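*Asks:* These are the residues of each chain, in order.
Protein chains: 2
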Amino acid sequence: MNTDFIFTIVAQQGRARAGLFSTPHGSLQTPLFAPVGTQATVKSVTPLQLEELGAEMVLANTYHLYLRPGDSLVNRLGGLHEFMQWSHPILTDSGGFQVFSLAENRKIDDDGVTFKSHWDGTSHRFTPEKSIAIQENLGADIIMAFDECAPPDDRDYNERAMVRTHSWAERCLLSHRRNDQALFGIVQGGIFPDLREQSAGFIASLDFPGNAIGGLSVGETKLQMHAMLEIMDAVLPADKPRYLMGVGAPEDLVNGVLRGVDIFDCVLPTRLARHHAAITRTSRLNLLNAAHQDDPGPIDETCTCYTCQHFSRAYIRHLIIVKEMLAATLLTLHNLHTLLQLMRDLRQAIQKGTLESFAADFFATQERST
Amino acid sequence: MNTDFIFTIVAQQGRARAGLFSTPHGSLQTPLFAPVGTQATVKSVTPLQLEELGAEMVLANTYHLYLRPGDSLVNRLGGLHEFMQWSHPILTDSGGFQVFSLAENRKIDDDGVTFKSHWDGTSHRFTPEKSIAIQENLGADIIMAFDECAPPDDRDYNERAMVRTHSWAERCLLSHRRNDQALFGIVQGGIFPDLREQSAGFIASLDFPGNAIGGLSVGETKLQMHAMLEIMDAVLPADKPRYLMGVGAPEDLVNGVLRGVDIFDCVLPTRLARHHAAITRTSRLNLLNAAHQDDPGPIDETCTCYTCQHFSRAYIRHLIIVKEMLAATLLTLHNLHTLLQLMRDLRQAIQKGTLESFAADFFATQERST
Chain A
1 MNTDFIFTIV
11 AQQGRARAGL
21 FSTPHGSLQT
31 PLFAPVGTQA
41 TVKSVTPLQL
51 EELGAEMVLA
61 NTYHLYLRPG
71 DSLVNRLGGL
81 HEFMQWSHPI
91 LTDSGGFQVF
101 SLAENRKIDD
111 DGVTFKSHWD
121 GTSHRFTPEK
131 SIAIQENLGA
141 DIIMAFDECA
151 PPDDRDYNER
161 AMVRTHSWAE
171 RCLLSHRRND
181 QALFGIVQGG
191 IFPDLREQSA
201 GFIASLDFPG
211 NAIGGLSVGE
221 TKLQMHAMLE
231 IMDAVLPADK
241 PRYLMGVGAP
251 EDLVNGVLRG
261 VDIFDCVLPT
271 RLARHHAAIT
281 RTSRLNLLNA
291 AHQDDPGPID
301 ETCTCYTCQH
311 FSRAYIRHLI
321 IVKEMLAATL
331 LTLHNLHTLL
341 QLMRDLRQAI
351 QKGTLESFAA
361 DFFATQERST
Chain B
371 MNTDFIFTIV
381 AQQGRARAGL
391 FSTPHGSLQT
401 PLFAPVGTQA
411 TVKSVTPLQL
421 EELGAEMVLA
431 NTYHLYLRPG
441 DSLVNRLGGL
451 HEFMQWSHPI
461 LTDSGGFQVF
471 SLAENRKIDD
481 DGVTFKSHWD
491 GTSHRFTPEK
501 SIAIQENLGA
511 DIIMAFDECA
521 PPDDRDYNER
531 AMVRTHSWAE
541 RCLLSHRRND
551 QALFGIVQGG
561 IFPDLREQSA
571 GFIASLDFPG
581 NAIGGLSVGE
591 TKLQMHAMLE
601 IMDAVLPADK
611 PRYLMGVGAP
621 EDLVNGVLRG
631 VDIFDCVLPT
641 RLARHHAAIT
651 RTSRLNLLNA
661 AHQDDPGPID
671 ETCTCYTCQH
681 FSRAYIRHLI
691 IVKEMLAATL
701 LTLHNLHTLL
711 QLMRDLRQAI
721 QKGTLESFAA
731 DFFATQERST
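Just so you know, the protein sequences line up as chains A and B, in that order.
In this text, residue positions in the first sequence follow the working numbering: the first is 1, and each later residue adds one.
In this text, residue positions in the second sequence follow the working numbering: the first is 371, and each later residue adds one.
Because the hints were derived from the structure by calculation, they are not lab data.
Fair warning: this is a prediction, and the values are worked out from it, not measured in the lab.
Beta carbons: idealized from backbone N, C-alpha and C, even for Gly.
Errors might be hidden in some of the hints.
Partial list, derived from the structure: chain A residues whose beta carbon lies under 10 Å from chain B [stated by the list, open to error]:
hint : residue
1    : Ile6
2    : Ala40
3    : Val42
4    : Lys43
5    : Thr46
6    : Leu48
7    : His64
8    : Trp119
9    : Ser123
10   : Arg125
11   : Thr304
12   : Tyr306
13   : Ile321
14   : Leu326
15   : Thr329
Using the sequences plus the hints, can you model the full thing?
*Replies:* What follows is the structure, encoded as structure tokens:
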């Protein structure tokens with residue numbers, strides 16, 4: 001009997017949970033935020049810097065790694081952990097979301113998706129079985145079922161995509177062989193409560209070691225997202241981790257945790273960093289703004305990250321203006337620290353039973369909506 | 371009496387010296403290589419990473435910092451050490467070399483140089499006094515006299531540039547006020563032994579706390595460079611540090627040390643890193659080369675840097691191909707480590723009296739000329 005992929009809830013407050021999820025590369029402390037390393041690197045930082053930030057898991061992208069450098073190459077070189085030198089847990093997505101984002105360059109049928117590479121236009125095909133085979137080659141600890149993510153408010157499309165997602169989930173389960181990987185199912189259903197309930201019920205019935213919530217944070221309103229999360233919380237099994245895909249704004253993390261979500265990932269902190277923006281717990285700052293030109297203060301007086309402990313806003317603005325790479329590195333270190341520290345604080349609040357006041361303080365100090 | 375800027379020779383072998391040069395930000399162990407941080411950042415790495423590499427001094431550029439963010443701003447923010455968060459020694463060049471490189475966009479007269487900014491075409495003027503004033507605002511430990519660097523083989527131009535360089539050196543000395551900065555003079559004279567001898571004699575007579583050798587590594591042959599270095603060694607005072615500007619290829623560092631040079635700087639390791647090339651002690655490698663596609667080995671089996679202790683050539687090639695910033699960071703860490711370790715080994719060899727065999731081994735194992 002494999003002792004991996006056991007989820008233990010160590011504390012609970014309301015619907016929020018503090019948990020431990022065991023994997024072959026160590027236990028994850030939830031709730032947690034996973035930085036995204038699309039192409040087997042979290043942009044602008046080294047694995048050592050990520051480790052020093054206290055990141056517990058990184059996400060890598062199946063679509064991207066299948067195309068470059070190829071999953072067989074990664075496999076021959078010992079798998080993704082060895083390849084990118086991340087000795088802690090890794091999660092790979094199924095490639096579905098990227099493939100469906102190719103718009104004109106993909107064709108979906110009930111068996112799978114044919115698409116053109118964004119690199120060179122060559123034609124490729126993903127099926128549920130192919131996605132699992134690639135993810136087995138990559139060798140992440142948590143892998144994802146191949147799903148179809150429809151525009152959130154298109155009822156007909158969401159009905160069809162949900163049916164397909166369910167059938168593909170079953171095929172993924174059947175084809176998955178490696179027992180050192182946890183395969184998570186994905187719930188779809190757009191912003192439609194009945195579809196979400198139906199999808200969550202079906203995915204739950206397949207008894208995955210963890211369940212993901214897909215198709216959110218893709219254009220719907222915050223209220224719609226919250227309503228869907230509440231349905232998921234009611235239907236998905238409480239004793240398995242829930243993963244809200246593609247969510248990473250501070251207020252969304254807090255709202256997700258309050259509604260029973262355990263795992264999050266998002267490109268937001270790394271992407272914003274490359275576009276000169278800093279995330280703080282209360283607001284968002286554009287460091288290119290002329291207001292920072294002479295400012296000797298850090299991004300955030302209260303922040304304990306390397307960037308805030310050392311560098312002035314004026315220096316970071318200078319780096320941005322003269323197009324120096326260090327700007328993206330310093331902002332990435334800060335943004336990741338902000339989200340990782342928020343998750344640690346949320347976990348601690350759940351354990352101490354102070355989540356309600358923590359969340360109230362958090363929302364009271366928000367300076368503008370992200 | 372200021373105890374800074376005292377140069378102590380702790381060991382000598384042939385013309386090579388191992389020394390200590392005291393500065394307000396700590397003692398430098400020579401011979402040393404200074405990484406270049408043109409715009410107040412060594413490209414692709416953080417100051418912490420530089421410190422962990424054992425870098426002792428970084429160079430920053432007067433021309434660049436005068437234009438962006440402006441030396442007054444740097445001064446208001448506490449000077450360059452505080453601005454870029456480098457607590458160890460810093461050297462600034464005079465801006466001369468950059469200004470003369472502007473070709474069509476500058477006009478030289480005996481009083482100074484009028485030039486156009488590469489950023490926005492605005493007109494500016496540097497004189498020896500202005501260069502010193504900017505360098506005083508920046509606040510580096512070692513600052514450089516404003517000089518004129520002529521094409522190495524143009525006799526007439528070198529005669530004129532030398533006379534101007536000498537007159538400007540006197541004006542720099544007269545206008546320099548801060549006694550927490552060491553102003554170094556610069557020898558010019560192209561590839562002409564009589565001019566080099568004359569220039570070294572004149573600059574030596576001005577009694578700077580250190581002397582630099584300019585106008586080399588700008589197109590002359592290796593043999594010409596070595597001949598000039600031998601003249602410098604004979605004429606420049608032995609009890610003051612000698613700084614060979616703009617030199618950084620491993621064989622040039624060894625050749626320089628063998629001819630009595632103490633300090634070097636060069637953009638080579640950081641620039642090559644951004645162009646996919648790794649420097650090893652014996653050769654140079656282009657990591658983009660298809661030969662590295664499946665290679666699980668490090669850049670250099672014998673190297674102890676973070677990059678070589680962790681990452682395969684195959685991974686670095688992948689990062690280059692998919693245009694990830696981490697490629698430049700990993701190659702920069704490796705290249706800087708290679709040069710810094712070479713300098714530490716040279717110093718140790720001088721102290722142990724084994725420099726001759728060290729150099730013989732070094733040259734015997736060179737796989738191709740850099």
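*Asks:* Each of the hints needs a verdict: does it hold here or not?
*Replies:* Results of checking the hints against the structure:
1. With a cut of 10 Å, the hint placing A:Ile6 at the interface with chain B is violated, because the nearest CB-to-CB distance is about 30 Å.
2. The restraint placing A:Ala40 at the interface with chain B holds, with a minimum CB-CB distance near 7 Å, inside the 10 Å limit.
3. Interface restraint check for A:Val42: the shortest CB-CB distance to chain B comes to about 8 Å, inside 10 Å, so the restraint holds.
4. Because the smallest distance between the Cβ of A:Lys43 and any Cβ of chain B comes to about 6 Å, under 10 Å, the interface hint for this residue holds.
5. Given hint, A:Thr46 at the interface with chain B, holds; its Cβ is 6 Å from that chain's nearest Cβ, closer than 10 Å.
6. Checking A:Leu48 against chain B by beta carbon gives a least distance of about 7 Å; that is within 10 Å, so the hint holds.
7. Residue-level restraint check for A:His64 holds (minimum Cβ-Cβ distance to chain B is 8 Å; threshold 10 Å).
8. Interface hint at A:Trp119: satisfied, since its Cβ lies 9 Å from the closest Cβ of chain B, which is below the 10 Å cut-off.
9. Checking A:Ser123 against chain B by beta carbon gives a least distance of about 20 Å; that is not within 10 Å, so the hint is violated.
10. A least Cβ separation of about 22 Å between A:Arg125 and chain B goes past the 10 Å threshold, and the interface hint is therefore violated.
11. Interface hint status for A:Thr304: violated, as the beta-carbon distance to the closest one in chain B is roughly 15 Å, over 10 Å.
12. For A:Tyr306, the shortest C-beta to C-beta distance to chain B is roughly 7 Å, which falls under 10 Å, so the interface hint holds.
13. Because the beta carbon of A:Ile321 sits about 6 Å from the nearest beta carbon in chain B, less than 10 Å, this interface hint is met.
14. Because the smallest distance between the Cβ of A:Leu326 and any Cβ of chain B comes to about 5 Å, under 10 Å, the interface hint for this residue holds.
15. Because the beta carbon of A:Thr329 sits about 6 Å from the nearest beta carbon in chain B, less than 10 Å, this interface hint is met.
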